[in-house]
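A.B. asks: So the protein sequences, as listed, match chains P and L.
Residues 1046 to 1413 (the numbering used here) are what the first sequence spells out, left to right.
Residues 1046 to 1413 (the numbering used here) are what the second sequence spells out, left to right.
Do not rely on the hints blindly, as some may be mistaken.
One copy or any two copies: either way a pair holds, since identical chains are not told apart in the list.
As the list claims (entries may be wrong) - As a list, the in silico DSS-like pairs of lysine-lysine whose alpha-carbon atoms are at most 27 angstroms apart:
hint	residue 1	residue 2
1	K1393	K1208
2	K1171	K1142
3	K1142	K1208
4	K1058	K1142
5	K1184	K1262
6	K1220	K1270
7	K1142	K1384
8	K1171	K1058
9	K1058	K1261
10	K1261	K1142
11	K1079	K1220
12	K1384	K1220
13	K1270	K1184
14	K1262	K1156
15	K1079	K1261
16	K1184	K1142
17	K1171	K1270
18	K1393	K1261
19	K1208	K1262
By construction, these hints were calculated from the structure, which means they are not laboratory data.
2 protein chains.
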Amino acid sequence: MRDVYFQGVGMVKCGRFNERIEINAARACINALKDAGINWREVQAAYATHVMQGVSAGQKVVSQIGLTGLNVTNVENACASGSTGIHHAYYDVASGKYDIVLVVGFEKMQKGVIDSNSGERSYEDKMGMRIMPGEYAMKAQRHMYEYGTTPEQMARVSVKNHKNGCYNPYAHYQKELTLEEVLHSRMISDPLTLLQACPTSDGAAAAILVSENVAKKNNNRDLIKLIGTSVQTESVFEEEDLTTRTANTAYEMANVGPEDINLAEVHDAFTIGELLHYEALGFCELGESGRLIDEGVTEISGSLPVSPSGGLQSRGHPLGMTGIAQVCEIVWQLRGESKQRQVRNNPKVGLTHTQGAGGVCSVSIISK
Amino acid sequence: MRDVYFQGVGMVKCGRFNERIEINAARACINALKDAGINWREVQAAYATHVMQGVSAGQKVVSQIGLTGLNVTNVENACASGSTGIHHAYYDVASGKYDIVLVVGFEKMQKGVIDSNSGERSYEDKMGMRIMPGEYAMKAQRHMYEYGTTPEQMARVSVKNHKNGCYNPYAHYQKELTLEEVLHSRMISDPLTLLQACPTSDGAAAAILVSENVAKKNNNRDLIKLIGTSVQTESVFEEEDLTTRTANTAYEMANVGPEDINLAEVHDAFTIGELLHYEALGFCELGESGRLIDEGVTEISGSLPVSPSGGLQSRGHPLGMTGIAQVCEIVWQLRGESKQRQVRNNPKVGLTHTQGAGGVCSVSIISK
Chain P
1046 MRDVYFQGVG MVKCGRFNER IEINAARACI NALKDAGINW REVQAAYATH VMQGVSAGQK
1106 VVSQIGLTGL NVTNVENACA SGSTGIHHAY YDVASGKYDI VLVVGFEKMQ KGVIDSNSGE
1166 RSYEDKMGMR IMPGEYAMKA QRHMYEYGTT PEQMARVSVK NHKNGCYNPY AHYQKELTLE
1226 EVLHSRMISD PLTLLQACPT SDGAAAAILV SENVAKKNNN RDLIKLIGTS VQTESVFEEE
1286 DLTTRTANTA YEMANVGPED INLAEVHDAF TIGELLHYEA LGFCELGESG RLIDEGVTEI
1346 SGSLPVSPSG GLQSRGHPLG MTGIAQVCEI VWQLRGESKQ RQVRNNPKVG LTHTQGAGGV
1406 CSVSIISK
Chain L
1046 MRDVYFQGVG MVKCGRFNER IEINAARACI NALKDAGINW REVQAAYATH VMQGVSAGQK
1106 VVSQIGLTGL NVTNVENACA SGSTGIHHAY YDVASGKYDI VLVVGFEKMQ KGVIDSNSGE
1166 RSYEDKMGMR IMPGEYAMKA QRHMYEYGTT PEQMARVSVK NHKNGCYNPY AHYQKELTLE
1226 EVLHSRMISD PLTLLQACPT SDGAAAAILV SENVAKKNNN RDLIKLIGTS VQTESVFEEE
1286 DLTTRTANTA YEMANVGPED INLAEVHDAF TIGELLHYEA LGFCELGESG RLIDEGVTEI
1346 SGSLPVSPSG GLQSRGHPLG MTGIAQVCEI VWQLRGESKQ RQVRNNPKVG LTHTQGAGGV
1406 CSVSIISK
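With the hints as constraints, model all of the structure from the sequences given.
C.D. replies: Shown next, in the form of structure tokens:
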């Protein structure tokens, strides 16, 4: 297998769009092409990752840029759609099938809650608890019971990520929140308040993966390499197992451990999620995530910054885009291009983590 | 790249199901596993191909069989979804990433017409002509004008494929139709009558692709190899170009030409489609497809049998299943297992062809 590099990444600002989603998705592609210094005609295959944009949405995006006959495949894996696209693009390049592959993730969101889509038919289902806020609230309650984690610690994830989003021009929200504002916002599903849930955002992001010979041609920047990628499906009820096993596969492939990660973008759809993922990704011991956020370890200024982009909480969570937006952030950070939200100490290794309904998880490890 | 084999295939009977689609999709997987002599725990990755079965539908299917942590990816490419899944599974095995990959295609269809999803905003759109029967009718009118193709020749495709379906226990319909019945059924979109449109069917099919070392272990049957696969996106308005270019890529990869094909399953969503594809696939010259059907060349007893399964017209067209069902038929035919519908003369090379809304086409070439 060959080495695989991120030659270019691009986004559009998350928010609520009036334009058709394929227009914004095409803009994200064009931004990524410009960043890569690659001509559209050189792109050999594309993955279009989205959850609910309808039949052949990827073909519509590509039609906006120009039809070149390339292979376009629509990929859906719930919230892990974008990272699943990255995974497949990686192997297309690693195997020598292609030299230049585009992944574009996009979503125009509908209103309303998303159900957990567990496929189960249980009393919880009938009682309306198997919607996403309900699922995460149950996990939060259990974590509080097991480890003494507090509502304040969860709320602090929202405060941190909203602060980070203020420095990201692509984030949906550029607004700092106080701990009190988060804690005293409307209760959604005890203990999770409204400002601990990711907003409903539209968005599009793109990444271009290339082989070494392409990456080394006319490139004056740091080469950014994808060194680990894993997509796994496990029971939705064993979140720690799912993320841990997926991460371990990616760590093994990349030949690194959690101690080598300099920054990460993790799936903070709800604040408790980010805390759970600290533990499952091996950033701390089980039950220690509250301490991590309290001590500021995962702030931009901390020793292991998490979601400097603002994360799902502030940047937004257009489902099919999220995995690609995370990649954009890690690439910019490793290149040192993140300006006011640049993490310190010249980071070398970043991690992305997404988790989707139905029990799917993806972890990527990126290095320079 | 390594050689890739179909170790097992399996289906459920097409029709209108009451069961949840994931139950039937799981049955198709189990049938394919049995046919392959492979244990579920040996499967390393899965593609779930469907168009409108909702978020993480593939994960739900896999959950029915047992969660083993494997990578499950949902793939959507309109009517070419199944064959796109086959394409990606091929490269997963060819590249050495995996040895055993499952592709399961399934669909529970909604009622009503499917729009052409061209993404275009034209007068044709506004006039309601850009639904599938309208699109195919316009192509039929043009073919009649250009080449003198007749309504009888188109109707003969339906007669042939319905006759073939009578011998396929998995087909939705086992009912012969006369030319008169087809021609005098209700006019849908001139010149296409109701019995020239594929029915609305639910269904599921699965295929297991393996590396040579797996294929050669404990196998007393003919080894069936996937030797060419191509997925391309082009303008939806240039159907001949789209199919021709995609087929040429697959022919080149397989190192065969149309003259080497012993049987084919082609995309006969509407009867005119099958005729157009004869030409685009190189089975005859432009404008000669009417003659081909008149002369019985594409009957099961002919020199180039097309859609011995009954095709979309009679077997049915559950969107995400179709490409996999075509593969099932070719595998059974090459193994000589197709009983009453077995094509003659010990066929060596088969072709599958699917075409999807949005301008996507896939061609696979399979040999023993």
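A.B. asks: At most 27 angstroms between CA atoms: does that hold for K1270 and K1184 within a copy, between copies, both, or neither?
C.D. replies: Intra 35 angstroms, inter 48 angstroms, cutoff 27 angstroms: neither.
A.B. asks: Within a copy, between copies, both or neither: which one fits K1058 and K1142 at a CA-CA cutoff of 27 angstroms?
C.D. replies: For K1058 and K1142, the Cα distance exceeds 27 angstroms both inside one copy (33 angstroms) and across copies (36 angstroms).
A.B. asks: Between copies, within a copy, both or neither: which fits K1262 and K1156 at Cα up to 27 angstroms?
C.D. replies: Classified as neither; 45 angstroms inside a copy, 53 angstroms across copies.
A.B. asks: Check K1261 against K1142 for me: Cα-Cα at most 27 angstroms, and say if that holds within a copy, between copies, both or neither.
C.D. replies: The answer is both: 19 angstroms in one copy and 25 angstroms across copies each meet 27 angstroms.
A.B. asks: When Cα atoms must be at most 27 angstroms apart, do K1208 and K1262 count as within-copy, between-copy, both, or neither?
C.D. replies: Close neither inside one copy (38 angstroms) nor across copies (59 angstroms); limit 27 angstroms.
A.B. asks: Up to 27 angstroms between alpha-carbons, please classify K1184 paired with K1142: within, between, both or neither.
C.D. replies: neither (42 angstroms within a copy, 35 angstroms between copies)
A.B. asks: Is it within a copy, between copies, both, or neither that the alpha carbon of K1142 lies no farther than 27 angstroms from that of K1208?
C.D. replies: neither (42 angstroms within a copy, 41 angstroms between copies)
A.B. asks: If the cutoff is 27 angstroms on CA atoms, where do K1184 and K1262 land: within, between, both or neither? Let me know, please.
C.D. replies: neither (48 angstroms within a copy, 46 angstroms between copies)
A.B. asks: Within a copy, between copies, both or neither: where do K1171 and K1142 come within 27 angstroms Cα-Cα?
C.D. replies: The answer is neither: 47 angstroms in one copy and 42 angstroms across copies each exceed 27 angstroms.
A.B. asks: Could you figure out if K1079 and K1220 sit no more than 27 angstroms apart (CA to CA) within one copy, between two copies, both or neither?
C.D. replies: The answer is neither: 30 angstroms in one copy and 57 angstroms across copies each exceed 27 angstroms.
A.B. asks: Can you give me the call for K1171 and K1270, within, between, both or neither, at a CA distance of at most 27 angstroms?
C.D. replies: For K1171 and K1270, the Cα distance exceeds 27 angstroms both inside one copy (46 angstroms) and across copies (48 angstroms).
A.B. asks: Tell me, please, which holds for K1079 and K1261 at an alpha-carbon limit of 27 angstroms: within, between, both or neither?
C.D. replies: Only inside one copy: K1079 and K1261 sit 16 angstroms apart there, 48 angstroms across copies, limit 27 angstroms.
In this structure, the hints that do not hold are numbers 2, 3, 4, 5, 6, 7, 8, 9, 11, 13, 14, 16, 17, 19, in rising order.
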